[in-house]
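Visitor: Sequence:
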Amino acid sequence: MDPRKILRLIERLQPNSFRTSEDILSHLVREIVKNENFRVKGGRLWKLNPNRKRYTLVAQVGDIDHIRDRYEIRLASYPLFKELAKRRSVLATETDSYLRRKGIRVYSATGIGERVRIEEGEFYEYMMAFNTDLAGRDFLDELNLIGNAVTSVLKNKRAEQKTQVLQKDLDQAWEIQRRILPEHEYRFGNYEMYGISLPERIVGGDFFDYLEAEENPDRVGVCIGDATSKGLPAAVQALYVSGALRLGVGYQQKMATLFRRINNLVYRTFPDERFVTLFYVEVFDSTNGLCIYSNAGHNAPIHLRANSRETTLLENSGPVLGLAPDQRYRTENINLQTGDCLLLYTDGITEATSSTNELYGEERLRQRLLEYHERPAKEITQLILEDVQKFSISAPYADDKTLVVIRRVK
Numbered sequence: 016m017d018p019r020k021i022l023r024l025i026e027r028l029q030p031n032s033f034r035t036s037e038d039i040l041s042h043l044v045r046e047i048v049k050n051e052n053f054r055v056k057g058g059r060l061w062k063l064n065p066n067r068k069r070y071t072l073v074a075q076v077g078d079i080d081h082i083r084d085r086y087e088i089r090l091a092s093y094p095l096f097k098e099l100a101k102r103r104s105v106l107a108t109e110t111d112s113y114l115r116r117k118g119i120r121v122y123s124a125t126g127i128g129e130r131v132r133i134e135e136g137e138f139y140e141y142m143m144a145f146n147t148d149l150a151g152r153d154f155l156d157e158l159n160l161i162g163n164a165v166t167s168v169l170k171n172k173r174a175e176q177k178t179q180v181l182q183k184d185l186d187q188a189w190e191i192q193r194r195i196l197p198e199h200e201y202r203f204g205n206y207e208m209y210g211i212s213l214p215e216r217i218v219g220g221d222f223f224d225y226l227e228a229e230e231n232p233d234r235v236g237v238c239i240g241d242a243t244s245k246g247l248p249a250a251v252q253a254l255y256v257s258g259a260l261r262l263g264v265g266y267q268q269k270m271a272t273l274f275r276r277i278n279n280l281v282y283r284t285f286p287d288e289r290f291v292t293l294f295y296v297e298v299f300d301s302t303n304g305l306c307i308y309s310n311a312g313h314n315a316p317i318h319l320r321a322n323s324r325e326t327t328l329l330e331n332s333g334p335v336l337g338l339a340p341d342q343r344y345r346t347e348n349i350n351l352q353t354g355d356c357l358l359l360y361t362d363g364i365t366e367a368t369s370s371t372n373e374l375y376g377e378e379r380l381r382q383r384l385l386e387y388h389e390r391p392a393k394e395i396t397q398l399i400l401e402d403v404q405k406f407s408i409s410a411p412y413a414d415d416k417t418l419v420v421i422r423r424v425k
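In this note's numbering, the protein residues as written are 16 to 425.
Please note: incorrect hints may appear among the correct ones.
[Unchecked claim] Simulated DEER-style distance windows between Cβ atoms:
id, residue 1, residue 2, range
1, Thr371, Ala271, 37 to 45 Å
2, Thr272, Phe33, 42 to 50 Å
3, Asn231, Leu328, 37 to 45 Å
4, Glu137, Gln268, 26 to 34 Å
5, Arg89, Pro411, 42 to 50 Å
6, Glu378, Ala91, 53 to 61 Å
7, Thr35, Arg324, 55 to 63 Å
It should be emphasised that the hints constitute simulated quantities derived from the structure, not laboratory data. All values derive from a computational prediction rather than experimental measurement. Backbone N, C-alpha and C define an ideal beta-carbon position, used for all residues, glycine too.
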């Protein structure tokens, strides 16, 4: 399943109010099992008891034999618990004899919450285990996404209970983010570029940048990204990734290597936050309009060819950043001819909704680009953003919105 779809589903399934962490996680286990998108038949929530050095069953739901209430498994007798802390999610043969008698043959679980260090090692506060007919890498990826998204929901709910965001601190964060975002307009060789980023809150997770390499003045990089957390945590992730990218470009690292290193940095630095998407393209001052790019799970930019009015999507060349370590990324290339446009955007554009819950959508965005592509990059950007804002003016939910247009003018 698409990572963004899982993220949105988990967000929509969360309760409006709850008393304890167990309440919200028990609710989410029930809702995940009920929701046909997740393709699971049963689920269980286990809680770490550091003093007793065991995991205790605190909730169960679905088409499975009933396991006795508060059933416990000793940490020392179950090596897979340590593997869970290392890899977040694990698929393996179930070894607990009681659970096997209950029909559970495959151990399929994902870690939730903080990692707690005790004498026996590190363990997640909670884990969710599921019954499914699926197998292999596809379900493991889905488990990772569920664990990542549920942990983020839990962390945000706890933050809502414990803290009030101070206006002064937010103002300072906004000022820092404002200073780091580039000027809207940029010109390079045969190209004009224009970008706008509108956070839904005072600070947000969207970012874009124009990146120059002092040692190579014949190229410029353009990036756009989306840290899928909310508010201040998203802004911190966005600043971290954009800074790492700027540093790597300055050292002229190969694009695929740079993406792999940034992914590992995000994974280690933000283990409990959501993932980051990133698209980066290098434009060269050459007659053939060569552009080299890599896409880490970001919304596919739209390449419009002026002479044929055809559009192409620049799809993913690797996974989102920070979900798992040691990922691989490819570089791809296109050629921009005179009049061609490349439109970069975040999901706040295509997922903007009307008062009737209709999505703005990729097709509507493509049509607007076809309509405006002969205008300057600044006008294209402003006209599309104005259209999105009008479309979603009465919507109850909104997200950060970022647009960047690269247009070859000669």
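Visitor: Hints first: check each against the structure and report whether it holds.
Guide: Quick rundown of the hints versus the structure:
no. : hint                         : result
1   : Thr371 to Ala271: 37 to 45 Å : holds (43 Å)
2   : Thr272 to Phe33: 42 to 50 Å  : holds (44 Å)
3   : Asn231 to Leu328: 37 to 45 Å : violated (28 Å)
4   : Glu137 to Gln268: 26 to 34 Å : holds (32 Å)
5   : Arg89 to Pro411: 42 to 50 Å  : holds (48 Å)
6   : Glu378 to Ala91: 53 to 61 Å  : holds (56 Å)
7   : Thr35 to Arg324: 55 to 63 Å  : holds (57 Å)
Checked against the numbered hints given earlier, the structure breaks only hint 3 and satisfies all the rest.
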